[in-house]
Amino acid sequence: MKTEVKTSVDGLEIGMFVSRLDRPWIRTPFDLEGVKITSPEDIERIRKYCSYVYIDVEQGISPHPRYWILDKAADQQLFGETPNPQSQAAIAEIKREYQSLRKTTYQNTEEFRTEIETATKASESLTHEYRQLLVDLEKGRDIDLSVVKAGVSDMVESVNRNPAAMMWIVQLKKLDEYTYSRALGTSVWCATFGRHLGLEISGINKLALGGLLLDLGKSRIPPDILNKKGELTDAELEIIRQHVDQSVRVLISEERKKGGKNSLDYDVLQMVATHHERYDGSGYPQGLANNDIPMYGRIAGIVDSYDAMTSERPYRESRPLSPHEAITELYSLRDDKFQGELVEQFIQTVGLYPTGSLVELNTGQVGAVIETNGLRRLQPTVMLLLDENKEPYSQFKRIDLTTTGEAFRVERGLEPGAYGINMQELFL
1 MKTEVKTSVD
11 GLEIGMFVSR
21 LDRPWIRTPF
31 DLEGVKITSP
41 EDIERIRKYC
51 SYVYIDVEQG
61 ISPHPRYWIL
71 DKAADQQLFG
81 ETPNPQSQAA
91 IAEIKREYQS
101 LRKTTYQNTE
111 EFRTEIETAT
121 KASESLTHEY
131 RQLLVDLEKG
141 RDIDLSVVKA
151 GVSDMVESVN
161 RNPAAMMWIV
171 QLKKLDEYTY
181 SRALGTSVWC
191 ATFGRHLGLE
201 ISGINKLALG
211 GLLLDLGKSR
221 IPPDILNKKG
231 ELTDAELEII
241 RQHVDQSVRV
251 LISEERKKGG
261 KNSLDYDVLQ
271 MVATHHERYD
281 GSGYPQGLAN
291 NDIPMYGRIA
301 GIVDSYDAMT
311 SERPYRESRP
321 LSPHEAITEL
331 YSLRDDKFQG
341 ELVEQFIQTV
351 GLYPTGSLVE
361 LNTGQVGAVI
371 ETNGLRRLQP
381 TVMLLLDENK
391 EPYSQFKRID
401 LTTTGEAFRV
411 ERGLEPGAYG
421 INMQELFL
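Residues in the sequence shown are numbered from 1 upward in steps of one, following the UniProt record's numbering.
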């Protein structure tokens, strides 16, 4: 198995094993083909002759992802023997090779009403495991990713049976504790997007795990900044942005402590390291652009932005966007901040009126979307909550808009909490 990472010499550390240089060994003073870095002097000698090197992560410590050089070959598959169809598609423009990615087609195998109980248990378990992960970090204890990975796997299984159930739960938890609901929401949306793209189960699990761990480093950000009400200063924003490096360092540090027993996939690590990069190069921390951003990072950037737009945030005084508004905003950023083809596919994943969102019908009635129709996205199944006078029903009514013709149709999407509706009080 290939275990080399192409790395800038700026990222060299004691304990790394240099397996290859950017030039023939014979043109350097090194005696052997392969150098274990044991001192600062070793680093300086390598820097004197090379711009980049290849680090063997099996024979030494791994470099920080901010110093990885993601050329086409490396992005194709850093740590695999043979690129699989998903990895091949990841390094190509999706506009040109999207069909090669879509290898697996998923069908719902459970109805919403039968999956909701299992999905609820899986989401509660995963939220508990993530909360414990943060507690362990805060107390300086080693973290056990195997427990979290098992919880992610259960969540992904539910999403693959019927994503609507987990999407409904995520929407209900929007007003829960911000850190935990955001992590769960991003993870679920990543899994749902991966399902739509036709990734194999292993790929969906990677996306879901990465989505859960994106903001792990925020546990290292001072609480008074992280939870500040109102606008952040430039200095505070810069501190917030450090959470990316903090997340990566936490994961690498814990992996080293475990001697690799956490088995953290490098696709996941790359995803965490690059989820704030932007397609036009305006992101952070590395300012990567276009396909220099790994595919999982490009996906994470879109999903994380959508979930942030539709969630309450401590330092944002304005209301969160409705799903429809957020989708419109993402669409306006296609081919600029985000890869256009991926944005369009994410919109197909979410739908104009995603499960759990509030909508107002042409009759004036208001309801919550409980299921979407893949072929008729403008005609979801809705649970009616308010009548045409905006008075609550004593008993909620379920209506499938694909069966009602023009008598009932969605007039507009609503922001969370519209007309005083508290989804948590109604359904949790």
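Worth flagging that the hints you see were computed from the coordinates, not collected in a lab. Bear in mind that the values here come from a model prediction, so they are computed numbers and not experimental data. Don't be surprised by glycine CBs; every beta carbon is placed ideally from N, CA and C. Careful: at least some of the hints might be erroneous.
Unchecked claim - Heads up, simulated DSSO-like pairs for lysine-lysine below, C-alpha to C-alpha not over 30 Å straight-line:
| id | residue 1 | residue 2 |
| --- | --- | --- |
| 1 | K397 | K6 |
| 2 | K337 | K390 |
| 3 | K397 | K218 |
| 4 | K228 | K257 |
| 5 | K121 | K139 |
| 6 | K6 | K390 |
| 7 | K257 | K139 |
| 8 | K48 | K36 |
| 9 | K139 | K149 |
| 10 | K139 | K228 |
| 11 | K218 | K6 |
| 12 | K149 | K6 |
| 13 | K6 | K139 |
| 14 | K218 | K229 |
| 15 | K149 | K218 |
| 16 | K257 | K229 |
| 17 | K139 | K36 |
| 18 | K397 | K229 |
| 19 | K229 | K149 |
| 20 | K228 | K397 |
| 21 | K228 | K218 |
| 22 | K36 | K218 |
| 23 | K6 | K36 |
| 24 | K121 | K48 |
| 25 | K121 | K397 |
To be verified - Computed beta-carbon distance windows for the label pairs:
| id | residue 1 | residue 2 | range |
| --- | --- | --- | --- |
| 26 | K121 | K390 | 29 to 37 Å |
| 27 | N227 | E58 | 21 to 29 Å |
| 28 | R256 | Q395 | 39 to 47 Å |
A quick look at each hint next to the structure:
1. K397 with K6: violated, 58 Å
2. K337 with K390: violated, 39 Å
3. K397 with K218: violated, 42 Å
4. K228 with K257: Outside the cut-off at roughly 33 Å; violated.
5. K121 with K139: With Cα atoms ~27 Å apart, K121 and K139 stay inside 30 Å; holds.
6. K6 with K390: Status violated; Cα separation ~60 Å.
7. K257 with K139: holds, 16 Å
8. K48 with K36: holds, 16 Å
9. K139 with K149: holds, 21 Å
10. K139 with K228: It holds: about 23 Å lies between the C-alpha atoms, which stays within 30 Å.
11. K218 with K6: Answer holds: K218 to K6 is near 28 Å, not above 30 Å.
12. K149 with K6: holds, 28 Å
13. K6 with K139: violated, 35 Å
14. K218 with K229: With Cα atoms ~16 Å apart, K218 and K229 stay inside 30 Å; holds.
15. K149 with K218: Distance of about 20 Å is within 30 Å: holds.
16. K257 with K229: violated, 37 Å
17. K139 with K36: violated, 34 Å
18. K397 with K229: Violated - the C-alpha atoms of K229 and K397 are around 39 Å apart, more than 30 Å.
19. K229 with K149: Not satisfied, since the Cα-Cα distance of roughly 33 Å exceeds 30 Å.
20. K228 with K397: violated, 41 Å
21. K228 with K218: holds, 13 Å
22. K36 with K218: Violated, because 33 Å separates the two Cα atoms, which is more than 30 Å.
23. K6 with K36: holds, 16 Å
24. K121 with K48: violated, 57 Å
25. K121 with K397: Holds - the C-alpha atoms of K397 and K121 are around 25 Å apart, at most 30 Å.
26. K121 with K390: 29 to 37 Å: holds, 34 Å
27. N227 with E58: 21 to 29 Å: About 41 Å separates the Cβ atoms of N227 and E58, which means 21 to 29 Å is violated.
28. R256 with Q395: 39 to 47 Å: violated, 57 Å
Of the numbered hints stated above, those contradicted by the structure are hints 1, 2, 3, 4, 6, 13, 16, 17, 18, 19, 20, 22, 24, 27 and 28, listed in ascending order.
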